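Using the sequences provided together with the hints, build the complete structure.
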Amino acid sequence: MRCVKGCSITGGIVAFGLLLLSSCAGGNYLRTEEVVRVDDTATYTLILYGGRYSLDLENVALLDREGDGYAFEIYAPEFDYRVIRGLPAREALAAAEKHAAHHHAFWRSFLSRIPGPGGQILGYEISPRYYPFETGYPDVLEISYHLQDNRVIVRIQLKPEVERRLTDEESPFIFRQLMR
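Per our numbering, the very first residue in the sequence shown carries number 288; after that it's consecutive.
The set of hints was computed from the structure by calculation and includes no laboratory data. Hints should not be assumed to be uniformly reliable.
Label-pair restraints from in silico Cβ distances [to be verified]:
(1) S341 - P364: 15 to 25 Å
(2) F397 - A363: 15 to 25 Å
(3) K446 - V322: 19 to 29 Å
(4) G354 - R451: 39 to 49 Å
Keep in mind the model is a prediction, meaning the values are calculated, not measured. Built from N, CA and C at the ideal position, the CB exists for glycine as well.
Listed below in structure tokens is the structure:
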């Protein structure tokens, strides 16, 4: 009986701590969902992240739906990305696809939508998939979307295992050459 009381008190404290931490986080994290096509009736702000040099694996394009009351903000220095406003869907998607295909190990692009509260679409993500024999993984990026007020804060980085492979001297020769 003593273990049951102690375990339930400990569980209650842990649950309260998690509740407290989640309430301090401020905002919600958004999840992406794979789709086949974008809404071609909308106008978009195109955000091109990465592509800074020929072997840059951190490439992704975002289509921010204009007029929805939400603005995308990239959590990175301004020199890491470009913003092009007022593009029709077809033009924005074509430029996004071209940007995603920047790296020589590009295999195909991957299209995801970014739904907001209530399920409305805030935008789209066009990310590259690479040949695994060159990069070690087809999907090398961790991208998170955090909704804070009327802003979608976007953080983009290489996955830790990819970062380790890039710096590990014992990695396959082809993969190490990507960073030289």
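Given the hint of 15 to 25 Å, check if F397 and A363 actually sit that far apart at their C-beta atoms. Holds - the Cβ-Cβ distance for F397 and A363, about 20 Å, lies within 15 to 25 Å.
Tell me if the beta carbons of G354 and R451 are separated by a distance inside 39 to 49 Å. holds, 42 Å
C-beta pair S341, P364: status relative to the range 15 to 25 Å that was hinted: About 20 Å separates the Cβ atoms of S341 and P364, which means 15 to 25 Å holds.
When you take the CB atoms of K446 and V322, is the distance between them in 19 to 29 Å? Taking Cβ atoms as reference, K446 and V322 lie about 22 Å apart, which means the hint holds.
Going through the hint list in order, the structure satisfies each hint without exception.
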